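A.B. asks: Kindly produce the complete structure, drawing on both the sequences and the hints.
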Amino acid sequence: MNEPDSAQIKEAQLEKDMKNDYSSKIKDAQLGKSEEAVVKKPKVLITPDESLLELKNKPTSFDPKKAAYWGKEQRVPFMFVVKALDAISKESGRIAITAIVCNMLRTVMETTPEDLVAVVYLLANQIAPTHEGLELGIGDASIIKALSEACGTKEAQIKKQYKVKLYYIPVTRVYQILGVV
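For the record, in the sequence shown the residue sitting at position 40 is 39 according to numbering that gives the first Met the number 0, with numbers rising by one throughout.
The set of hints was computed from the structure by calculation and includes no laboratory data. Because the structure is a prediction, the values reported are computed rather than measured. Positions of the beta carbon are idealized from the N, C-alpha and C atoms, including for glycine. A hint or two may mislead.
Listed next, the in silico DSS-like pairs over lysine-lysine satisfying Cα-Cα at most 30 Å (straight line) [what the hints assert, rightly or not]:
hint: 1; residue 1: Lys-57; residue 2: Lys-82
hint: 2; residue 1: Lys-159; residue 2: Lys-144
hint: 3; residue 1: Lys-65; residue 2: Lys-162
hint: 4; residue 1: Lys-65; residue 2: Lys-89
hint: 5; residue 1: Lys-71; residue 2: Lys-159
hint: 6; residue 1: Lys-158; residue 2: Lys-57
So the derived label-pair ranges between C-beta atoms look like this [stated by the list, open to error]:
hint: 7; residue 1: Tyr-161; residue 2: Glu-113; range: 16 to 26 Å
hint: 8; residue 1: Ala-155; residue 2: Lys-71; range: 15 to 25 Å
hint: 9; residue 1: Lys-65; residue 2: Val-163; range: 12 to 22 Å
hint: 10; residue 1: Pro-47; residue 2: Gly-138; range: 32 to 42 Å
hint: 11; residue 1: Pro-47; residue 2: Lys-162; range: 28 to 38 Å
hint: 12; residue 1: Gly-138; residue 2: Glu-49; range: 19 to 29 Å
hint: 13; residue 1: Ser-91; residue 2: Tyr-161; range: 17 to 27 Å
hint: 14; residue 1: Lys-158; residue 2: Phe-77; range: 24 to 34 Å
C.D. replies: Here it is as structure tokens:
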């Protein structure tokens with residue numbers, strides 16, 4: 000019989016800790032002991048599946064507000080990204096894939112722009128440091144085309160920005176700049 004390796008043990012412990020933490024938060028919230036506000040589910044106007052149908056529309060006739068099934072000022076549900084990626088995996092044409100990604104990005108920009116970076120990282124296969132080699136499997140060309148359509152810029156501009164090397168800036172410099180503003 001194979002004994003579990005250290006990675007399997009860590010994963011099992013993490014899962015157990017997450018379940019315990021979640022259960023205790025629910026109990027505390029029910030007893031009024033939690034200092035965290037209990038987040039109520041937003042009133043859903045459409046289902047995630049109906050949202051997916053909206054994402055499949057042509058970008059020219061797409062309305063981002065119709066694709067969002069979460070409430071105002073709510074974070075983008077991971078289910079939204081998952082449903083879009085699932086739809087992409089079932090498509091074979093680049094135009095259809097680009098439309099779904101473009102519409103997904105436009106929905107995020109319209110409803111919760113602060114979540115856009117996380118969504119783009121997920122789409123750009125950046126879920127872990129590059130040296131770990133973890134990727135989601137969406138081609139760079141599809142992502143660049145969708146970003147250019149969603150942002151209304153040329154693909155060359157997106158490619159140029161993608162290649163820009165970020166430079167180190169010390170926190171003290173950021174603090175000084177913000178002090179001027």
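A.B. asks: Against this structure, judge whether each hint is valid.
C.D. replies: Hints and how they fare:
1. Lys-57 - Lys-82: holds (17 Å)
2. Lys-159 - Lys-144: holds (13 Å)
3. Lys-65 - Lys-162: With Cα atoms ~34 Å apart, Lys-65 and Lys-162 exceed 30 Å; violated.
4. Lys-65 - Lys-89: This hinted pair holds, its Cα atoms lying about 22 Å apart.
5. Lys-71 - Lys-159: violated (34 Å)
6. Lys-158 - Lys-57: holds (23 Å)
7. Tyr-161 - Glu-113: 16 to 26 Å: Distance hint for Tyr-161, Glu-113 holds at roughly 21 Å.
8. Ala-155 - Lys-71: 15 to 25 Å: violated (36 Å)
9. Lys-65 - Val-163: 12 to 22 Å: Check failed, 34 Å falls outside 12 to 22 Å.
10. Pro-47 - Gly-138: 32 to 42 Å: violated (25 Å)
11. Pro-47 - Lys-162: 28 to 38 Å: holds (35 Å)
12. Gly-138 - Glu-49: 19 to 29 Å: About 28 Å separates the Cβ atoms of Gly-138 and Glu-49, which means 19 to 29 Å holds.
13. Ser-91 - Tyr-161: 17 to 27 Å: holds (25 Å)
14. Lys-158 - Phe-77: 24 to 34 Å: holds (28 Å)
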